[in-house]
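Asks: Below, each chain spelled out in residue letters.
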Amino acid sequence: MSNTDIPGSSCDNAIELHGVSFSWPKSDPCLRIDNFSLKAGERLFIYGPSGCGKSSLLGLLTGVLQAQAGQIQVLGRSLGDMTPKQRDTFRGENLGYLFQQFNLLPYLSAFDNVSLPAQLFASRLRRAQANGSSLKVAIESLCERLDLHPDTLRKQAHQLSVGQQQRVAAARALLGSPPLIIADEPTSALDADTQDRFMQLLLGAAKVHNTTVIMVSHDQRLSRDFDVVLSLPDINQAGHRVGSAP
Amino acid sequence: MTFWLKMALASAASRKWILAISLISIGISSAVILSVAQIRADVRNSFASAINGVDLIVGSRDSPTELLMYTVFGLGQASRSMPFSTAQTIAELPGVAWVIPIQLGDFYNDSPVMGTESSFFKRVQVANQALTFASGREFTEDNDVVIGSDVAKNSRLAIGEKIILSHGTNGPLAEKHTDSPFQVVGILKATGTPIDRKVIVSLEGFERMHIGWELGLSPKTLQAQLGMPATSPDPSETPKKVEKPSRVTALFVGLTSPARVFGIKRTVERMNGSSLMAVMPGVTLAKLWKMLAIGESALLFVGWLTAVSAMLSATAITMLSLQSRRRELAIWRSLGARPGALLSLVLAESVGIMLAGIALGYALLQLLIFAGSSDLRALTGVGLHHSLPTKETWAMLMGLIVTAFAAGFIPAIQAYRWSLQDSLNPKTSG
Amino acid sequence: MNSDRRKLSSLLALTCIQMALPSYALAKEFPDMSWDQLVPKDWRPDRSLSMIVKRTGLLDDSDPAVIQLMEKIRKAWDNAPTISELNGKKIRIAGYAVPLDLTPEKINNMLLVPYFGACVHTPPPPANQIIFGHSEKPLNIEMMNAVWLSGTLATEKKATDMGVSGYRLDIAKIEPYKD
Chain A
1 MSNTDIPGSS CDNAIELHGV SFSWPKSDPC LRIDNFSLKA GERLFIYGPS GCGKSSLLGL
61 LTGVLQAQAG QIQVLGRSLG DMTPKQRDTF RGENLGYLFQ QFNLLPYLSA FDNVSLPAQL
121 FASRLRRAQA NGSSLKVAIE SLCERLDLHP DTLRKQAHQL SVGQQQRVAA ARALLGSPPL
181 IIADEPTSAL DADTQDRFMQ LLLGAAKVHN TTVIMVSHDQ RLSRDFDVVL SLPDINQAGH
241 RVGSAP
Chain B
247 MTFWLKMALA SAASRKWILA ISLISIGISS AVILSVAQIR ADVRNSFASA INGVDLIVGS
307 RDSPTELLMY TVFGLGQASR SMPFSTAQTI AELPGVAWVI PIQLGDFYND SPVMGTESSF
367 FKRVQVANQA LTFASGREFT EDNDVVIGSD VAKNSRLAIG EKIILSHGTN GPLAEKHTDS
427 PFQVVGILKA TGTPIDRKVI VSLEGFERMH IGWELGLSPK TLQAQLGMPA TSPDPSETPK
487 KVEKPSRVTA LFVGLTSPAR VFGIKRTVER MNGSSLMAVM PGVTLAKLWK MLAIGESALL
547 FVGWLTAVSA MLSATAITML SLQSRRRELA IWRSLGARPG ALLSLVLAES VGIMLAGIAL
607 GYALLQLLIF AGSSDLRALT GVGLHHSLPT KETWAMLMGL IVTAFAAGFI PAIQAYRWSL
667 QDSLNPKTSG
Chain C
677 MNSDRRKLSS LLALTCIQMA LPSYALAKEF PDMSWDQLVP KDWRPDRSLS MIVKRTGLLD
737 DSDPAVIQLM EKIRKAWDNA PTISELNGKK IRIAGYAVPL DLTPEKINNM LLVPYFGACV
797 HTPPPPANQI IFGHSEKPLN IEMMNAVWLS GTLATEKKAT DMGVSGYRLD IAKIEPYKD
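Chains as they are written, first to last, in the numbering used here: chain A, 1 to 246; chain B, 247 to 676; chain C, 677 to 855.
Just chain A, same shape as in the assembly (with noise of 0.2 Å):
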């Protein structure tokens, strides 16, 4: 159920993508989609078996890779009219990243990791503070969120389980409440019951500012909370080549 809006329209999109192309080098397109917008607050939930350009779409939204043509707006601002330096950036600023697993700096704590956002920007520092709380605090009432302990935050980042890296990660990509969360397989990792605490855990935390989320997984069970859930060989034009991704 993809939105399909004419080129240009309202700026209360999270995302918005209009003749987009991408290649890697030496290759073929790999990703050709035409048009597509998701609200800002709304849920997508990205599904598609390997090779069929989930990790290029990804890597477009975060501005990580470059289109060779089209537009891509996120957030209301075109990401190719920017510099690298400002896209990395506008990826710190407004952006919250999971990886499908290993999300943490082992020689930090749990808590540490979680604050490297505002430790880089000034901007998320702000907005964690924002009802006037320390840092400190805002992490912690955060992690409560996630079901994470305050003695749990003071570990290691290796003497963690993998459903509590995981949660924790989710803490960091929310703290400082960016407007755009993205999560590549976040529950791949977890066992069965984990993945469901899990998704309730992120998305009830996304919830509390609206954040718009945007999933990308393999498995479809876990789509049943979301808003738009999406095919991607449904909008991308370009052929299934197994492998052409790297």
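Note that these hints are calculated values from the structure, not bench results. None of these values were measured; they are calculated from a predicted model. Heads up, some of the hints might be wrong.
[As the list claims (entries may be wrong)] Pairs of lysine-lysine residues, derived as BS3-like cross-links and limited to a Cα-Cα distance of at most 27 Å, are as follows: (1) C:LYS748 - C:LYS766; (2) C:LYS782 - C:LYS833; (3) B:LYS511 - B:LYS368; (4) C:LYS751 - B:LYS368; (5) B:LYS466 - C:LYS854; (6) C:LYS717 - B:LYS422; (7) C:LYS813 - B:LYS422; (8) C:LYS765 - B:LYS466; (9) B:LYS511 - B:LYS422; (10) C:LYS833 - B:LYS422; (11) C:LYS854 - C:LYS704; (12) C:LYS849 - C:LYS833; (13) B:LYS368 - B:LYS435; (14) B:LYS399 - C:LYS854; (15) B:LYS262 - A:LYS155; (16) A:LYS155 - B:LYS252; (17) C:LYS751 - B:LYS466; (18) B:LYS422 - B:LYS368; (19) C:LYS833 - C:LYS748; (20) B:LYS408 - B:LYS536; (21) B:LYS511 - B:LYS490; (22) C:LYS751 - C:LYS717; (23) C:LYS766 - C:LYS683; (24) A:LYS85 - B:LYS422; (25) A:LYS136 - B:LYS368; (26) B:LYS466 - C:LYS813; (27) B:LYS466 - C:LYS782; (28) C:LYS854 - B:LYS408; (29) C:LYS704 - C:LYS849; (30) C:LYS765 - C:LYS683.
Model the placement of chains B and C on the given structure of chain A, informed by the hints.
Replies: Leaving out everything else, chains B and C in the frame of chain A:
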């Protein structure tokens, strides 16, 4: 900036044992290079400051470096002597300001004994400074002796103590001048030059000590082993003041103007049937220094190879650990860190380790100097210094630091490139 | 139990004595000798020679006349008399070692001298002050080291590259000289 520094430290701490090994290997090779540079500078200094104020050294025809070795450094010995009249003849040459005769051949333990005139203390300089006394004074009596600071320290001698000198050699079987004890009347201030290990008596004292010692053998040996009649004189017959010596080993000569040195040198070398040699200390020391410098250059070259290989090993180690840090880089990228920041992160660690290794090397050098300098000076007359690094050492330090940066950049640039090309899915998992 | 302990302690005592015995025995077997004891009491060189010796301090070494005189001394000293009674005597004597063989590891022959020419004027000693030392086993000595030599003396003259020796010693033991 401090944030990234903290991150670099935290990251390095998780690899501390491997980094410690790199640190030590760089430290050792740096110490080698710095030591060679320091020693080379100190040797050159020692040579240059070993004797000043003397325009020519005159000895019997030998090799110039050997003459310098036994007159200035107290190493080796002369094969012949010259009549005392030569000193007088040279002193009368136009252009000669002063002549100081010296006699060599005896020892006090391992320190060479030198017989000379009291004007030695006024005319001869070391390290471009006049000789000064830490305590006591010059000799006035025949049995007075002045000692250098090292002799006083190593043999624990003080003013007023009596010493017995050995004849001809410092070996264990050397005959001692037991009939001629000398009393310490002066101790020279420490100079860091060979004079610190010298034992100085008057010409008359040297002569008196050898009365009866014909052929360089003690009266006892001459009588008991060579069948000579008793020649050692009755103490009551010994004159109160001894005549000037008949022969001396070498002469220190000072000229009225340095420009005359070549003319005087030529004249001296034609005297006495061309049996003499006049040497310019500065020139000969420079030649000696050049000969040593070749060996030192080889040593330095090897030292540099060692240091570079140590740094490359450290780089290799960092590169290997970098492989496993690709996920870490992706995490930073996802948080909005710029590739340049990641380059700095890796650079801080790789360069940091190398700089720490260099600092360790410098510390090892100071330790080496502290531990070994007195032994080195006793053996060779060369003094090492704790002082701030010499020009040479600075040059080496700078060279090491530049190499460290160059080597350290290799993993840093690799990190930079990976952070650009990996997107958020690095080729390796965490 | 008690008899075992007694056996052990007497065994220990015996071992200690046995270990001390060789060096004690050696000292007894090779009594110390000093160099003047190798010279006949009545040996007096030519009067003119002793006059020359007295005057050497005043002469220039490179003067051909002096060289001639020194040669005269050398001739007299090469023929210096030895003490025949010392033949076969076991002695221990200290001096400077002068290797005669060229290869460092295989030195079987050496000269022992009481002093060496450290001083400018000192000529090599007379023959009765030079001992030719021979050892079946190779000796490990460095040039001009001071050593103690123990062995059996023989009044046998020998001309070597380094000088004429008046005595020969069959070396039983060589030790470095320590004060």
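Asks: Which of the stated hints cannot be reconciled with the structure, identified by number in ascending sequence?
Replies: As far as the earlier hints go, 1, 4, 7, 9, 10, 18, 20, 23, 24, 25, 26, 27 and 30 are violated by this structure, in ascending order.
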